[in-house]
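> The chain contents come next:
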Amino acid sequence: NAGVTQTPKFRVLKTGQSMTLLCAQDMNHEYMYWYRQDPGMGLRLIHYSVGEGTTAKGEVPDGYNVSRLKKQNFLLGLESAAPSQTSVYFCASSWLQETQYFGPGTRLLVL
Amino acid sequence: AQSVTQLDSQVPVFEEAPVELRCNYSSSVSVYLFWYVQYPNQGLQLLLKYLSGSTLVESINGFEAEFNKSQTSFHLRKPSVHISDTAEYFCAVSDGGATNKLIFGTGTLLAVQP
Numbered sequence: 001n002a003g004v005t006q007t008p009k010f011r012v013l014k015t016g017q018s019m020t021l022l023c024a025q026d027m028n029h030e031y032m033y034w035y036r037q038d039p040g041m042g043l044r045l046i047h048y049s050v051g052e053g054t055t056a057k058g059e060v061p062d063g064y065n066v067s068r069l070k071k072q073n074f075l076l077g078l079e080s081a082a083p084s085q086t087s088v089y090f091c092a093s094s095w096l097q098e099t100q101y102f103g104p105g106t107r108l109l110v111l
Numbered sequence: 001a002q003s004v005t006q007l008d009s010q011v012p013v014f015e016e017a018p019v020e021l022r023c024n025y026s027s028s029v030s031v032y033l034f035w036y037v038q039y040p041n042q043g044l045q046l047l048l049k050y051l052s053g054s055t056l057v058e059s060i061n062g063f064e065a066e067f068n069k070s071q072t073s074f075h076l077r078k079p080s081v082h083i084s085d086t087a088e089y090f091c092a093v094s095d096g097g098a099t100n101k102l103i104f105g106t107g108t109l110l111a112v113q114p
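Chains as they are written, first to last, in this note's numbering: chain W, 1 to 111; chain Z, 1 to 114.
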């Protein structure tokens, strides 16, 4: 079991560019989440999904879109990157109301 | 709405000394409580959790936390820390609802010095 994996590990973007972060899990989990981590602010929920084909907004959804076309994958998109989106992004998954398991993170720098 | 407060952003401690990392929560409903640990340049790992039952929960590496409903606290303790415990520790709360969303505190950096 690889658990939760994230691609890429690190990326540098210029303001206005777009990109997609990929999260994959091999634990057959129903629920998946995207968080961002910023110094002194802990982790904040961006979007989440409670099943294939469903998505919902979290605490800080502006500037991001997500898709869950397959149960094992949860994609986070930035259509037009801004410096304020410089952060470390974590994906997590869980089996219903059980423990959330986290990926290793993606470090994004927007210049 | 739920919230989590970790009052200490950094806790320096000498090796083999005891430590307590404080966590207070606010919620109008029953909660599930978690402590996650993040080692440098890694993701978060579950350290321990309280769902129900005994208010004292323990981890495999010597940490323990006690759920105190009257004080709305879930402080993390270890009687003797090691250098390898240096990490950031996050307290989180969930209402156990249909979405299983977690609300995190801002984290406490435990810095163990020799």
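Keep in mind the hints are simulated off the structure, nothing from the lab. What you are looking at is a predicted structure, and each value in this text was computed from that prediction instead of being measured. A hint or two may mislead.
[Unchecked claim] Computed Cβ-Cβ distance ranges for the label pairs, DEER-style: (1) W:Thr20 <-> Z:Gln113: 37 to 47 angstroms; (2) W:Lys14 <-> Z:Leu56: 22 to 32 angstroms; (3) W:Pro61 <-> Z:Gln42: 38 to 48 angstroms; (4) Z:Asn61 <-> W:Thr20: 43 to 53 angstroms; (5) Z:Pro18 <-> W:Pro39: 44 to 54 angstroms; (6) Z:Thr5 <-> W:Asp62: 30 to 40 angstroms; (7) W:Ser18 <-> Z:Gln42: 26 to 36 angstroms; (8) W:Thr7 <-> Z:Lys69: 36 to 46 angstroms; (9) W:Leu111 <-> Z:Leu56: 47 to 57 angstroms; (10) W:Gly40 <-> Z:Gln42: 15 to 25 angstroms; (11) Z:Ser80 <-> W:Ser67: 25 to 35 angstroms.
[What the hints assert, rightly or not] As a list, the in silico DSSO-like pairs of lysine-lysine whose alpha-carbon atoms are at most 30 angstroms apart: (12) W:Lys57 <-> W:Lys70; (13) Z:Lys69 <-> W:Lys9; (14) W:Lys71 <-> Z:Lys78; (15) Z:Lys78 <-> W:Lys57.
A virtual CB, placed ideally from N, CA and C, is assigned to each residue, including glycine.
> Determine which of the earlier numbered hints do not hold for this structure and return their numbers in increasing order.
Violated hints (numbers, rising): 2, 3, 4, 5, 6, 11, 13, 14, 15; every other hint is consistent with the structure.
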